[in-house]
Structure formats: structure tokens, C-alpha cells
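Chains as they are written, first to last, in our numbering: chain W, 164 to 435; chain P, 164 to 435; chain B, 164 to 435; chain F, 164 to 435; chain Z, 164 to 435; chain S, 164 to 435.
It cannot be assumed that every hint is accurate.
Since the list gives no way to pick one copy over another, a pair counts as held whenever it fits inside one copy or between any two copies.
Stated by the list, open to error - Derived lysine to any residue pairs resembling SDA-like cross-links, with alpha carbons at most 20 Å apart: (1) K170 <-> G405; (2) K406 <-> E355; (3) K406 <-> Q372; (4) K170 <-> E355; (5) K217 <-> G362; (6) K170 <-> P416; (7) K217 <-> G358; (8) K217 <-> T393; (9) K170 <-> Q417; (10) K217 <-> L357.
Source of the hints: derived by calculation from the structure; they are not laboratory data.
Protein chains: 6
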Amino acid sequence: MFYHDGKLQYSVRVDTPNPVFARMLQQAIGGQEGEIRVAMQYLFQAWNARGPKKYRDMLLETGTEELAHIEMLATAVALNLEGAPPALQEQAAKENPLVAAVLGGMDPRHYLSGGLGALPADANGVPFTGAWVVSSGNLAADMYANVMAEATGRALATRLYEFTDDPGMKDMLAFLIARDTMHQQQWLAVLEELGGHTGALPIPNSFPQAQENGEVNYAFLSTHIDGPQTEGRWTQGASLDGKGQFSQRRAEPQGGEPQLAPPVPQVHAQLE
Amino acid sequence: MFYHDGKLQYSVRVDTPNPVFARMLQQAIGGQEGEIRVAMQYLFQAWNARGPKKYRDMLLETGTEELAHIEMLATAVALNLEGAPPALQEQAAKENPLVAAVLGGMDPRHYLSGGLGALPADANGVPFTGAWVVSSGNLAADMYANVMAEATGRALATRLYEFTDDPGMKDMLAFLIARDTMHQQQWLAVLEELGGHTGALPIPNSFPQAQENGEVNYAFLSTHIDGPQTEGRWTQGASLDGKGQFSQRRAEPQGGEPQLAPPVPQVHAQLE
Amino acid sequence: MFYHDGKLQYSVRVDTPNPVFARMLQQAIGGQEGEIRVAMQYLFQAWNARGPKKYRDMLLETGTEELAHIEMLATAVALNLEGAPPALQEQAAKENPLVAAVLGGMDPRHYLSGGLGALPADANGVPFTGAWVVSSGNLAADMYANVMAEATGRALATRLYEFTDDPGMKDMLAFLIARDTMHQQQWLAVLEELGGHTGALPIPNSFPQAQENGEVNYAFLSTHIDGPQTEGRWTQGASLDGKGQFSQRRAEPQGGEPQLAPPVPQVHAQLE
Amino acid sequence: MFYHDGKLQYSVRVDTPNPVFARMLQQAIGGQEGEIRVAMQYLFQAWNARGPKKYRDMLLETGTEELAHIEMLATAVALNLEGAPPALQEQAAKENPLVAAVLGGMDPRHYLSGGLGALPADANGVPFTGAWVVSSGNLAADMYANVMAEATGRALATRLYEFTDDPGMKDMLAFLIARDTMHQQQWLAVLEELGGHTGALPIPNSFPQAQENGEVNYAFLSTHIDGPQTEGRWTQGASLDGKGQFSQRRAEPQGGEPQLAPPVPQVHAQLE
Amino acid sequence: MFYHDGKLQYSVRVDTPNPVFARMLQQAIGGQEGEIRVAMQYLFQAWNARGPKKYRDMLLETGTEELAHIEMLATAVALNLEGAPPALQEQAAKENPLVAAVLGGMDPRHYLSGGLGALPADANGVPFTGAWVVSSGNLAADMYANVMAEATGRALATRLYEFTDDPGMKDMLAFLIARDTMHQQQWLAVLEELGGHTGALPIPNSFPQAQENGEVNYAFLSTHIDGPQTEGRWTQGASLDGKGQFSQRRAEPQGGEPQLAPPVPQVHAQLE
Amino acid sequence: MFYHDGKLQYSVRVDTPNPVFARMLQQAIGGQEGEIRVAMQYLFQAWNARGPKKYRDMLLETGTEELAHIEMLATAVALNLEGAPPALQEQAAKENPLVAAVLGGMDPRHYLSGGLGALPADANGVPFTGAWVVSSGNLAADMYANVMAEATGRALATRLYEFTDDPGMKDMLAFLIARDTMHQQQWLAVLEELGGHTGALPIPNSFPQAQENGEVNYAFLSTHIDGPQTEGRWTQGASLDGKGQFSQRRAEPQGGEPQLAPPVPQVHAQLE
Ligand SMILES: [Ca+2]
Ligand SMILES: [Ca+2]
Ligand SMILES: [Ca+2]
Ligand SMILES: [Ca+2]
Ligand SMILES: [Ca+2]
Ligand SMILES: [Ca+2]
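Isolated chain W (complex conformation):
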């Protein structure tokens, strides 16, 4: 169950409202790298957790924190929209290119649909989709999904930080960037507890490797028409899980050409 206090986790201050930046911030709310995604992802992982209680608990903690991040960013969007042009100010645009830029660069739905408020959508107005949420029933897979979310999320936040020169916004983003740093650590710390590379890999580690194809499970297969050409940690030496030796070779077709049966009459293929 959840509670609230109506206050912000960290102060949200906009010194110079900027509707274009409001649009940019939407990516951090409803985009692939955004806070709705991580909030839902951690909460669903918690609710579906069937393993040790400590991981369910931790997921619930951080999922709840992410709700406060959506709140901060929605507030930041609303504050940045307070300078939005409420009409097609042709004269103003003619005289001031910045007005033109704002007209072109803001999300029209911020005005039309939201009445100058935030939306659960990304920087292009594409609605948030639950399709991004990963809750796989495998803790290690989930942890990597979470690291990825915080890595792309922190990259996004640093780009927003570079994009603005508003001191209030920079201060808010410095807070969110720091939280992403910690959240990357958290999920990787779980992976360490799960045994690190040698213990956790391959994911899922509960499937007997004897049942996978032993010819190709540690081989880099090259599809280059001139055969293997790259080299790296992944082409030689012991595998990271300590369970095999890396090799590389040319990928070759082991199956012939597929043969499908002719169509049954009921599908009404074309008589050819």
C-alpha cells in the first residue's frame, strides 16, 4: 500500500520558463528511458517476486522512489510551460526568432490537450507504453533490465543537463543523475550477490547447459562474407562464466532450404 505527503523529493525550480525544454523533459517522464517506465518496472518486479523477500522489498522501495521522480519532472514541465505562447503570435514570431523557435519546438499538445500541463508521453508526444516494462520472473534478467534502464536514463538526464542553462533545472537534474548513479549500483550489487558472472551466467542459470547446443554456445559466428575479421575479448580465452572457451568461426548454414507444404484450399491462396 502507498502513502504520500504532497511534497517534492527535491526542490524543482525554474528560473526561466522554456516550453521547448518542457517538451524535452517529457522524454524523462514518459519515454523509453523515463521515470514511468522504471516506476512500473520495479513495482511489477516486486509484486511478481517469488524469491527471497529482501529483493521484493528493495524493488518496492526504489519503485516507490521513482513515483516521486515522475512528480518532480511533471512539476518541472508545468513550470517550464508558464512561458508558453498561448496563441500563434505571428507578429511576435516575425520580430523575434526565439518566439519562432518556441512555436516550432514546443509540443502542441502541452497547450491543446494539457492546458499547459505534463502528459504521460515522450518528447514527441508518443504515449507511454506498458510494452517497455520488463518483469521476467528471472531475477538476474530483471536486474540487467534495470541496469539498462538506469544507464540509458542517466545518459538522457546528462543530455538534458547539457541542453539547459537554467540553474534551477540543472540543480534538479544533478539530483536525478545522482540517483541514477546509485540505482545502477543497486541492481549490479544484486547481481554480485547472485554470484557475479560465474554464478549468474548464463541467464537463466537454472536451465541445464547440457541441453543447449554445445557446438555454438561459446563461439563467435561471423556472417561477414569474407569470414571472421574482428577480434576481442569474446573471440578467445576463457568465457566470462568460466564454463567454456571462446572461439570464432564463419557462420554456415546447417539447415537446408525450408520446404513448406502447399496451401490448404480454405486459405484461398491464389491459383498460380
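Go by the hints and put chains P, B, F, Z and S with the ligands onto chain W.
Frame of chain W, contents of chains P, B, F, Z and S with the ligands only:
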């Protein structure tokens, strides 16, 4: 540029066609954990690569291999559909519960839209979406996205393996599961080359940590109304990147209640 | 069955074509608050109507009228696009900020996909989705869905009205705004016929209230960590349906912590 | 900011796990009528609120409560999935039609993607979309959107109640149905505070009605080829807002046939 | 402007209601091959028409007819749902496999969301999307889009015809199939009027072919690693438009390896 | 199985990077008319092919070529983004309208999500969707779908050609436009091999026309309230397939008003 030979990377054999399993296999084609996603993801990462050529090359190799996996699975779907009931066989269903199960459990669009062929959609017929593809412009973030894709992908493949008792399908899945093992290794090997935890974290490692909020970048913040209650690797000791010390404390609001300006007349808020 | 005459329900005149306003108008065609949504919603409600014929008839009337509104707006989009820059006029943009604004602010798909014609999409180019359509099989629920559609639709239309200073467009919008006024009335009039608050609530009124939980059906539950803090019509006095007394109290967990069974082997959870 | 305690708002008990019912429950989680939608809708309305603080506060309260409803339903899904067949049990299906029904009727992604856990999707596996969320910047429009959400939500919950005969599930649904009753009341109580029909209509009430087309703002227009044929509260008498008189008449085209300019060369229309 | 009469274009009779067939019929309403798609497509093409009035008129005619087809199919869905099991009839399912099949095979949202009514969605419950609609501003391209819609639409209708043995449904489908026959003819007749292959190709025919790359505009390029292997009408002889000669050859890279600039600091690529 | 060589099919040169044109090019990558769509469409048609091997082979050839087109366009996007403003350069925008235009007109996700790289999305940032892909199991229907894709695709490419004055981009587009010319030819050549109009129509030609409604399969039905008013090749003379005579007449309702049963109690319709 790309080439083909019309042969399958590995043999695809269906001993007993099963339209319900055809539907299941769609998840591995067009689902969040599926092969279209990884093919596109690795190829876009390659095409957008602005760093060392070796990583672009490797991404192109494996992206191209994934195209062959889509091909294998599409073939497997078509073969499994060869036993699909081409009509609402009420009499048959009355006499044989398995026919009833197939009628209920198959994807109707396999018959209606595909004429007993595969679709770029998931096991519920939800179309593949490019929204899943991650190509962030940050190599480490991309690598974690790739590990996640192969971890959830391998989990999916092992579940499909358990679901069927068709020897041909099990053999094909054993191949794909092995490739997922290797692909998990590959992306983690890149992360090792990038410096491992101490070199690569926090991602992006090019943002000066002095600019992030130093109060909360290694602190686990508890939103539990009774304060911190969990303990783990992430609540004490040195951080995984060696750049901080973990701590934990109660999350507290550092910002007050947000104050938005009243609505401008042009948005036509309600007179209250 | 449907008929047409090729004429517009109301005149559509654009005095000064404006491709940015064309984009704005798309919200009223294919957006959440748009005319495709209401057309489909009223028609599906009519086609699915299982109650008194008069409501089916009325829904069919107004659903058909909404088709004419899509037609008017699509025409308005096409007319506004007649001034669109058919090329990336760098020189013109350098000399005239308004050209720059238009380049930035118009929907590129109006030119690229539509050849300067309207699209079934919103102001951000997000396609219309049938997911918005409500046809619930419960007349009162449908009527509230319709009121909501006309309330947000009228808000959108008034914002478009404020945004433009084109006399032709203002005249067209004044017509559409008036129709939204009437349509709000219509659906609320049905609710009055259904008995108003005391007759229609709670929706569905056919579910015996004795079967709902009698402890919490008229209680405002506060999740604020400092307990109930708001007061309003909904915290005291008789309920609007006349079937209970409002109260308020602190929300408290009546269920304990959830306990899920451990994962079954076949899902291949991680060995932890 | 948000807090949690890890407990359920109301007890969730499943006496007889049923994977088909798990799928049904998904509609109440991630569907159009579901709890993610209302949670997001009330929270965004709160965060965007620019009017009296009491409404922001109330929206925050109930938005937070809805998070606990998602939690309850996700738990219910996970518990119902504990009886899911982890494999394509052909023999079992042959012998027991119910197994066949379950195989056909469950969501394959519950097993394949979720490892027997809940998803942020509807009963057909279609992901939750932020496109449903209404936060219009107009309090009255938002309130009608909320009434609609609770009306369709309660209809859904009563249908789920009828569908199951599991006592635990019926008890949980009786709680959720009761909360929907109260929530319908809440939003309607706000509308009463806003002045009821005469004060709040037409929405937005801040747009001067003198500017809308006075010919058609209280007229029912009939598109029936044989002219007006329906009668109801909406065709005669004073309008509900007390600002007009209802009338009805045949809808007639007031605009002629639209005339678009010929295509500009750059769009490359077909030479005809 | 549009009118209606409340009657069906052709009679819709369901002799034996079948909820599984109701789900199948949804594909013809809201699917890629469905009637909402063609209705919208023809109407938007009409509204955007900038060429000879006769084509606008014809598109408006047939777009309006398609609205009546949606109406027929929605009615058919509602009638087929009249036999839907309104509860999880475990006992019935145990005794009758057909009940099990229906439980598994029907769309749960027909009951849960629609109250046994039709939805603007496909056979998997995936909502209709405006993304399918083609209105390109090029009449010949639009005509081919329309032929494709009627070709896949007729294929779908014949498959539905095969799937059912309900005489009423077969009669209705025989009508719709016949209309698809005519509609294929219509759009191809326009292409004939536009000049047939020699006059209309390549589409758009208004782009000077001197500006396209003359080396590859009539050459079949083979990506097979063993070079050209197929032969057909498209590898030799005069081209269909009479403007070139077909040839075939091996596809070869004419561009080298792409070289992108290193990342700018502000995107925060990973330090590698 | 697929191979690559890391080189571009044709050279991609950008003389003057332009982030607005980068956004435009996205339509050709991930839009309805784009290369991902045709690549997937031809490959799925190949993999699902159940007829003569020559068509499977040809589809595989051209599907593989389209992968190289995605690669070219993704490279073109990345190169055009090299001049993107990495920050909200207010001062620059104030001084130079073109900077303002770029700020407004570029896709913010190119910077925020892609780090100045291409995305699998359209010019509005709407993600690619598998819902566009047509693989119908009927070769003639598929061929028309392919002609349509290449016709709208070539229209798009010519519009991009007109939009830019960058010589490198024009050269690349001249190549892609030429390939679209050839691809239109290819699919039409297959239709000629399938018998042309008289052999292939109506599609599917395997459904016995005796079973379709013979009253309306060659009749143009007019829904105009004043009856038939258009004339064309489709209203008189022999039909294109040589199997009927065109006629035209007024569309009239052959079915009465639909009659649905009253709602069953379990759906909880409103008591009215
Ligand atoms: Ca966060
Ligand atoms: Ca793979
Ligand atoms: Ca309207
Ligand atoms: Ca609720
Ligand atoms: Ca039709
Ligand atoms: Ca191409």
C-alpha cells in the same frame, strides 16, 4: 550491405505440427524478447556507432546473425501451422478436447491474416514495435541493453523448450538457447574491455561526477513508512565502481509543495 | 446504412493558410479529444445498443453528424496546408523567422506522407487508435464517456479558437464549439432520463449494493502520511445517490504482506 | 513524494487458482478501465492542478490509493497463475476439457514473458498506453473523465465478480467495487461544488457563449434521411444549464462542396 | 455531409450464435484488412483530393458504403455474442469440450469491456490504428493501396466464409465478398483511366526519370551470395512501362564503409 | 541465412549536415512508406511462401536488398545530425532564424535518445510498427501490397528529393528512387505472370464466384442522397476481369433495422 543464401542457419524440423505452439513461437519473433528486436537493435547500434570500429563490426556481425534467427522461427511457425484447423470444426471439437484447445489457443490471425504463415507480432498478436529498440549513443548503455535482451530472450527460449515435447522443436531451441548464451557473453566481454565496473560506471562515465548531487549518489533511500528495513550489498561497504561508500537512510522530502501559477485565460480552465 | 451529399455541414474558409495551424487542427481530427473518436464511439454504442430504441437512434444521429465534423476539419487542414513550404527554404528561413517557425512547427508528414493533405492522426502525428473508443454495454457509463469526450473536445476547440486569428477558422470553430455545447447537453439529458444521481448511481445500478463492501463504499480514504487533511462535499453529509453518508478516515492496510509460492521449475527463475 | 509499507490495502485470497481468470483480471490492471489508468490520471491531474489546492490534494489522495489497487490485482494475477499448466500437456488436455480450456484461454505471455507474473497489459495482452490518460487543464472536464473511468471500471469489476465463483476473489472484488462507488461520488461531488449543471456547463464555462454559433448550440440536428424522428429530454424544454431552449431540426449542409487548390509540383501528384 | 436511415445494407442473420466467430469477425471490423480501414482510407483520400472531381466523388461514394459494412459486421458480432458464456462455467466446460473451446477462444473483452458488443479492434483485441490509412496525395499510389486493401479484405472474407457453417453468416459474407470484387475493379479501372502501366508508371509519373539513377532503374539486383539465380518476366525483355529493358546482375556495394564523426561531448558517449 | 560486408550499397554523402532533414529521412526508415516496412514485408512473404519457389527466391532477394537501404538511410541520418545543436542555444537562435528553425524542426529524440543517431521511427518519432506488414498467404494480394509500398515509397523519396538541395543527398535519393521504379515493375511483372487482370481477378481467384452474391459483384452502388452522379470506366462496359458487366445504381438497404436481444444480467447493463 547484405547477402543471403536461402538456407537456414540450423535445421528446423517439426515432427508434430501444433498451431498452439506456433502462437507461442511468435513471442520469440515479434515480442519484446524476440529476434526482430535484437536484429534491429544490434544493426541500429552498428549503423550509429561513432567509436572504435571493432564494436561497429561486431554489432553488424551479430545483428546479421539475428536475421537468420527470425528466418528459422518464421519457418517453425509455418510448419507448426500445417495442422491448423481450417474451419470451426464444431463436431470435431465436441468429440476431441484437443481440437477445442487448439481452436481456443491458436492465433486467429495466423489463419485469417497470414493464410497459415508467421507474422511480425508477439504471442498475443500485438505487432512488433520499434519502441523497444535501444541505440543510445553510449556503448556501455547499449551493451547492458543487449545483455538484458539476451537474458530475457534466453529465459523465453528455455520456457518454449519446456513447453513443447516435439523433438525437432527442442533441437532448434537448443541451438537458439546456445546462441543466447554466447551473445550474453559477447556484450559482457565488451563491458569488460570498457573497464568493468570500476572503469565503466557510472554510465555515462563521461559526465563529471562532481556535477551530480554528492549527497545521494551512493545512498539507498528508503520510502518505507517505518524507515530503512532492508540490508544488502548495496547498503554498506565500498560502491562497486570504487568511487563511493554505500549508505542507507530514510527518504525525506527536500522540496516543499509545488506552486504552479494560475491558468492563463487562453487555456479555458473552468471558472471555479 | 449511410448516405452523403458531398457538401460541408458548415462553411470552411481559410483566409490565410497556415501549416502550423494545420498541425494543430489534427488534434481535433485524430486526437484523444477528436472527431474520429466521437464518431466511432457514438456509432459503436448505437450498433451495440440492447436497450430502448430511442437511445440507439439518437446515438446514430449524432455519430453520423460527427462524420461531417471530421470532413470539415480535414478540409480545413488541406486548406491551411496550401501555404506550406514545399522545400527546405534555407535562404527564406534566414531572412524571415516566420518561415523558420513554419518549418519547425508543421507536421513533416503533412508534406511527406499526405502530399499536403490531412491524416487520421493527432497534432504530433500519433495515429488515431481505437483504444479510446468506449462502448461499455452500460448506457449510463457510455453517457459519461460521451460527456467527457465533448467536454475535453470543447476545451480543445476553444484553445484552437484562441490560437488562430484567421476569421474563417474562427467562424468554423464557433460552429463546432456550439455543437459541443449541445452534445454535452444531450448525453446529460439521457442521464437525467435515467434517473439522475439518485436513479443512475452507482453505475452499474443493476449490481446489488448489498454485495459490495459496505465499510468503504461512501468513505473517503486518506493516504496522506499525516492522515485526512482535505474537506469537501465528499467527506460529510448524505451521498449524492441518497444511499449512504459520506465519511473520511485514514487508509490502512487490511491485508498483510502478499505471499507467493516459489517459482515452478519450468519458468527457469534464477537459482539464487 | 510517496511512501509504502509492503502490505495490501485489502486481503487478496485465491481459493482455487485459475489462469483464465488471471487473464481476465489483467483488464482491471492495464486495460482502458483499469487501475493503472486511473492512478496515472488522478496523479497527473494533481501534478498539473493550477486551481484551488483542495482539489489537487484530493486527486493526490485518490491517485495514491489507486496504486494500492494495482498492487492488489497484480497479486491476484500471480496467485491465480500458480495453477497454470507449465507445458503443453496434450495428454492432460485430451482427457480433461478444462485443461484444454485453460490452455486456450490463458495469456501465453503470463508464462512466456512473465514467468507466471502480472503484466502492465489488458486481457488480450495489449500493453497499457498513456494515451488513455486525461489531464485537460479544465477541472470539470477532468471530473467527467474520472466519473467515466470509475463507471466503466465498476462495470468491469462487477463482470469479473460474476465471472468467478472463487470466494476469495469475490471478496476482493466486493472491496474494489465499493471503492468505485465512492470514487464516482467524489468526482460528482466536485462537479456539484463547481456549480452543478447550471454553473459548470457548458464546459469550459470560461469561454464566452456569445462567441459560439448561437443557431445550433441547443439544437438537436437529425441526420436521418427522413428527418427528425426521435424525441427526448434533449429535443424540447429548457436546456440543462438554463441557458437555452432545446429544439430539433433536420441537419442541412450550410457549406458547399469544398474546393482545394491543385497540387503543387513538389508533392509529385500523379499526372492525370 | 452524411446521413443515415438506421437500416442495414444487407440482412445480417445469425442462426447459431458463436462467440468464437464473433472474435473472428472483429478482424473484418478493426483489423488491417477491415472495414474501418477502408472507410477511413477512401474518405480521407476524397477529402484530400486535389485532382479531377470525379475521383473525389467516387471515393466519397465508396467510403460511405464502407461505413455500412462496419455496421453490418458490428451487428453480426453482437448477434454472435448472444450465446457467450457469461461466467467461467467450469462444470459446463468439464462436460462439454465445446464450451471449453468457446471459453478459450472468445475475446474476453467482448464480455468485460463491451458487455457483449463489438469493438473497434482486430481478432486479437489489438485496437484499430489510423497508421494503416493511406492517403498519399498521389492518385495512382492511392489506387494501388485501395486494390491491396480490397484484395486482402476479400481474402479475409473468404476465409471467414470457410470458417463458419452458419447459413446466415455465409449469406452476409457472400454479399461482402461480392462488394470486394467490385471494389477491386473500381480502383483498377481508375488506373486504366490514368493510362495503365505505360501511362501511370513509374508512380509518381510526374518525377522526371532523367533525375533518377539510370543504371539501376530496370535492373534486378541479386543479393544471393552465389549471384543471380532466379528468372522471370522481371529479368529480361521490355519493362512494363515501355520505358526500359529489364536486366539482372549481382548487387555490389557502390559505397564504401560509412565513416561517422566521433561523438560530440554533450551526448555523453562512453569514454572507451 | 544472411551475410554482410559492412559496405554501403550506394555512396551516402552529406555536403551540409541538416538536422531537420535528418528528421525527414526518418520517414523513409521507420515510416509507413519506409524501408523497414518493405524489408520485413518481403522477407515474411518469402518465409511464408507455399507456392512456386521462384517467387520465394525473388522475395528473399529484394527483401535482403531493402536491408541495405535501411543501412544507407540510417547512415544519412547520422551524417545529417553531425551539425545538430547540442544545446538550447538561445543566443544563437536570437541571432539566426535558421538556428531557431533547426531547434524547432529537429527530432528531440535524435539528441536525447539516440545521441545523434538514427531511430526505427518515422518523421514524427512514432515507432515502426509490425502492423503495417502484409503477408497474406495470397501471392496476388501480396504483390499489390508490394506495388503500393513501392508507389508510396517512391512518392516519399521524390518529396525528400525536392526538399533538399544537398548534392550528396540528391544523389543518394536518385539511387533509391530508381530502385523503387524497378521494384514497382517487379511486383507488377509477377501479376502479369499470374495472368493479369483476367487471370488474377478477383483476388483470391480460388474462391468460386458462384458463391459470391451475383447481384452486386459488378455494380457501382451510389450512396449519394441524389443517386448515382459519377461516371467512369467502372460504371459501364465489360469488367476488367472479363467476367461481368459494370452497372451502377442507387445503394438501398436490403436489411431492416437490426434487433439485438436484451442484455443478459451478468453484463450489468444499466437499469433504464
Ligand atoms: Ca529515477
Ligand atoms: Ca537470437
Ligand atoms: Ca463534434
Ligand atoms: Ca480503483
Ligand atoms: Ca467493404
Ligand atoms: Ca527500398
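Going through the hints against the structure:
no.: 1; hint: K170 <-> G405; verdict: neither (49 Å within a copy, 33 Å between copies)
no.: 2; hint: K406 <-> E355; verdict: both (18 Å within a copy, 17 Å between copies)
no.: 3; hint: K406 <-> Q372; verdict: within (10 Å within a copy, 37 Å between copies)
no.: 4; hint: K170 <-> E355; verdict: neither (35 Å within a copy, 28 Å between copies)
no.: 5; hint: K217 <-> G362; verdict: within (19 Å within a copy, 29 Å between copies)
no.: 6; hint: K170 <-> P416; verdict: between (61 Å within a copy, 6 Å between copies)
no.: 7; hint: K217 <-> G358; verdict: within (16 Å within a copy, 30 Å between copies)
no.: 8; hint: K217 <-> T393; verdict: between (43 Å within a copy, 6 Å between copies)
no.: 9; hint: K170 <-> Q417; verdict: between (62 Å within a copy, 8 Å between copies)
no.: 10; hint: K217 <-> L357; verdict: within (13 Å within a copy, 31 Å between copies)
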